[in-house]
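Visitor: Those protein sequences? They're chains A and B, same order as listed.
Position 172 of the first sequence, counted from 1, bears residue number 515 in the numbering used here, the numbering being contiguous throughout.
Position 323 of the second sequence, counted from 1, bears residue number 347 in the numbering used here, the numbering being contiguous throughout.
Just so you know, these hints were derived from the structure itself, not from any lab.
As the structure is a prediction and not an experimental result, all values here were calculated from the model.
Treat the hints with caution; some may be incorrect.
In silico lysine to aspartate or glutamate, EDC-like type, Cα no more than 20 Å apart, as pairs [claimed, not checked]:
| no. | chain 1 | residue 1 | chain 2 | residue 2 |
| --- | --- | --- | --- | --- |
| 1 | A | LYS449 | B | GLU222 |
| 2 | B | LYS156 | B | GLU222 |
| 3 | A | LYS519 | B | GLU222 |
| 4 | B | LYS205 | B | GLU217 |
| 5 | A | LYS449 | B | GLU217 |
| 6 | A | LYS449 | B | GLU223 |
| 7 | A | LYS449 | B | ASP73 |
| 8 | A | LYS446 | B | GLU222 |
| 9 | A | LYS446 | B | GLU217 |
Interface residues of chain A toward chain B, partial, derived using beta-carbon atoms under 8 Å [claimed, not checked]:
| no. | residue |
| --- | --- |
| 10 | CYS369 |
| 11 | ILE387 |
| 12 | ILE458 |
| 13 | GLY465 |
| 14 | GLN572 |
| 15 | GLN602 |
| 16 | PRO615 |
| 17 | VAL616 |
The beta carbon of each residue, even a glycine, is placed where N, CA and C say it ideally should be.
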Amino acid sequence: MKIKDRSTIPFHIVKGVLLTLLSIICVLPFIVIISGSLTDNYTILKEGFSLFPRNTTIEAYRTIFRSPEGIIQAYKMNFYYTFMGTALGLLVITLTAYVISRKDFKYRNTVSFLIYFTTIFGGGMIPWYMMYANVLNLRGSTLAIWFPALMSPFLVILMRTFITGSVPDAVVESAKIDGAGHWTIFWKIVLPVLGPGLATVGLFQALGYWNDWYRASMFSTSSETWSLQFYLYDMVNSTMAMRQMAQNVSLNTADLPTQTVKLAMAVVATGPVLLFYPFVQRYFVSGITIGAVKG
Amino acid sequence: MTSPNPMTRQALSKSADSRKKLIVLGLCAALILILFVPIFPWFQVVDQDALYGAMGLKASVVKKLTPDHSVLTFLSFVETSKQGVLGFWAFLLLIVSAAAIALCLLSVFTYVRRRRVPEGKGMLRVYSFFQKGMLLSFLSAAGTMGLILFANGHYGLRGFMPGFAPILTLAVSLVGYGISKRLEKTERIVCREHGFVEEFRRNWVLFLFLVPCFVFFLINNYLPMAGVYFAFTQFNFRDHLFASPFVGFKNFEFLVRSEILHLTQNTILYNIVFIVVGNVLQIFFAILISHVTNKRLRKISQTMIFMPYFVSYVILRVLVFNMFEYEVGLVNNFVTSLGMQRIDFYNTPGYWPWLITLFYLWKNIGYGMVVYLATITGISTEYYEAAQIDGANIYQQIRYITIPLLKPTFIILLLYALGGIMKGQFELFYQLVGNNGTLFNVTDIFDTYVYRITTTQPLSMGLGTAAGLFQSLFGLLVIIITNMCIKHKNPEYALF
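Just chain A, with the same shape it has in the complex (with noise of 0.2 Å):
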């Protein structure tokens, strides 16, 4: 479309200017905890934040790296929860999936009602919790921290239509009529056209995993199976009743864990899903189109 009416130049100075405000709005307090964290902590204390950093130190990450052992902990813990969720959760997300796509399958209807029902009606949070922490007794084991998110209706039902999107009737028919059953079907047929539905439906649940704090906070009992986001929420948490504590009783807050350091802690932990993001975006916007136009 080119400008040919006149009327229309006001629209696009709009356009221009408020999209442009929005973005810097979404990016801006990334930029301001990359060069937060690069920034002097003296200098914070005492002129605030800004842009660009000032008087430029590393010296917050190498106080990170200097007793590394909790960090790295926490990201071998992430990394381990994130793998063993994506992959397990993506083969029987997948297997379901494929189940509840086969039209010759009587309890097709049951079955994905029984899944969508979990979204509508719940025991809560604490019948939930006691399921994990007191009948399986898993509270302190990893597997309390990963198991709960391995499948999701709503990445069931993508992953649904990634399959009757991508394997035409026609295909599986003429393999049944060629004597495949659901298992050649499954691995030789579906799984090699997935790819774009494994991506996604393993994106979403490799973000999830990722980002998770909350199953870590309830099932550890040691700082060993913290998560990484967790780790940090812990960091900050302390650092945060300190201050408060410090305003009270008027304490010198320059000792405590520094701003800088916090700073540094969540460019560690936010930092590969910012690197990836680029490359992976449309997968997620694929995945969110389809999930919620047809969902």
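Fit chain B to the given chain A structure using the hints.
Guide: Relative to chain A, chain B alone:
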């Protein structure tokens, strides 16, 4: 292919034998429904003095107890006599019995409806409901026996005896189940349908594929549903989970008196604001971005706007804390540089509804924008070209083409959002506010309330479960009502 053959149907259903059997089935259903009427004894206390002695009951309590109890009223006995040990079992029995009653009624109802509308597989549905009803009745009766055995063992004496009702139920449900299985078999031949066994033989691989899914949802969703029992108990550490005293609706009464109003109000109001403001802004920016003609610019700005969706809420917490902290926060630095007083955000509730909404939008505008943008790019350019030829300017094009065509997407998103109106954005609220008690009044939603109880006050567990159950049921009600309205107006948008 599966429509019944009228000739065979006539031949089979005309036979006097099957009609007689149908009457027997009707009688079975009626008998079971009657047996569930609370005047018939399921539990009988035979040795009152010994049993009440073993329970350690006071005379004033004993006076309130009657010797006979139905499976539907046994919980009131548990409550009055404070025997929490029997509570969970009795609660499950009550649920199973209620389901059995519902299914028996449903089978009768389906049968009556079927006669008015002669439909191919009507009878198969009747049999299916009926059999499930019979199975559950059997389970309920067997469970009653089990509970009696357990109770007698627990107190070490023969205090309870089953009344005639559970014994009769056992027999009737078995007979009914057997007969209906036979009838179903003939009906299956007529309808050319196959049953579970045949389906399993054909598609056992699919059942195998479903095993992990089954295990997952059972552990993660369906078994915990039984845990709503905690909502009716007063947890204490001595008796632990399944033996804490059963207190009926006391927790709910307490909630209604104290928390429920403002929790419901907060949850719903926040969600309404999120839905309305969120969708308006998402549509607005989706339209703007769809008019960016430079592909590269468009891609870049979409990437930037979508970015906050990918960071965890813990990062958001760091961010907000750094911005609004009293001493070194970005905002307060700015405020002091203007020569004004510092603002104590973390102790002033008034700011937080705004801040929470702001950061919700910050994180979620990109997500919805992507959805709407996909719809806009799906609109055929022919519409716009035709409109341009007719002299429509850009505002008119947006007003009369884009927005009307976005309506279906908007409605779908709105329905989903309405369905979740009782669910809170737990992570958002918890990470922004945390355990900051001064802000609870304006920031507490169901999820944060329950989480706080789970993690910090195990003794109030019953209260927390009750709040969660209320939230779930209210949400379910909202969904059902919404769905009914949609089905009435426009069936293709119905959720189920």
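Visitor: Does each hint fit the structure? Answer for all of them.
Guide: Hints versus structure:
1. Restraint check for A:LYS449 and B:GLU222: the C-alpha separation of about 10 Å stays at or below 20 Å, so the hint holds.
2. Between B:LYS156 and B:GLU222, the direct Cα distance comes to roughly 19 Å. Compliance with the 20 Å bound is thereby established for this hinted pair.
3. A C-alpha spacing of about 18 Å is found between A:LYS519 and B:GLU222, which places the hinted pair at or below 20 Å, so the restraint holds.
4. For a cut-off of 20 Å, the pair hint linking B:LYS205 to B:GLU217 stands: about 14 Å separates their Cα positions.
5. For the given pair, A:LYS449 sits about 10 Å from B:GLU217 by alpha-carbon distance, which is consistent with the 20 Å threshold.
6. Between the alpha carbons of A:LYS449 and B:GLU223 the distance comes to roughly 7 Å, so the proposed pair stays at or under 20 Å and holds.
7. Of the supplied pair hints, the one linking A:LYS449 and B:ASP73 is violated, its CA atoms being roughly 56 Å apart against a limit of 20 Å.
8. For the hint linking A:LYS446 to B:GLU222, the alpha-carbon distance of about 16 Å falls within 20 Å, and the restraint holds.
9. Taking the CA atoms of A:LYS446 and B:GLU217, the gap is near 15 Å; set against the 20 Å cutoff, the hint holds.
10. Annotation: interface hint on A:CYS369 holds; nearest CB of chain B at approximately 5 Å, less than 8 Å.
11. A distance limit of 8 Å between C-beta atoms decides the matter here; for A:ILE387 the minimum to chain B is near 6 Å, and the interface restraint holds.
12. For the restraint placing A:ILE458 at the interface with chain B, the shortest Cβ-Cβ distance is roughly 7 Å, inside the 8 Å limit, so the hint holds.
13. Taking 8 Å as the C-beta cut-off, the interface hint given for A:GLY465 holds, the closest approach to chain B being about 6 Å.
14. Taking 8 Å as the C-beta cut-off, the interface hint given for A:GLN572 holds, the closest approach to chain B being about 4 Å.
15. Hint on A:GLN602 holds. Least Cβ distance to chain B is approximately 6 Å, under the 8 Å limit.
16. Of the supplied interface hints, the one on A:PRO615 is violated, with its beta-carbon coming no nearer than about 11 Å to a beta-carbon of chain B, more than 8 Å.
17. The interface hint given for A:VAL616 is met, as the beta carbon of that residue sits about 5 Å from the closest beta carbon of chain B, less than 8 Å.
Of the numbered hints stated above, those contradicted by the structure are hints 7, 16, listed in ascending order.
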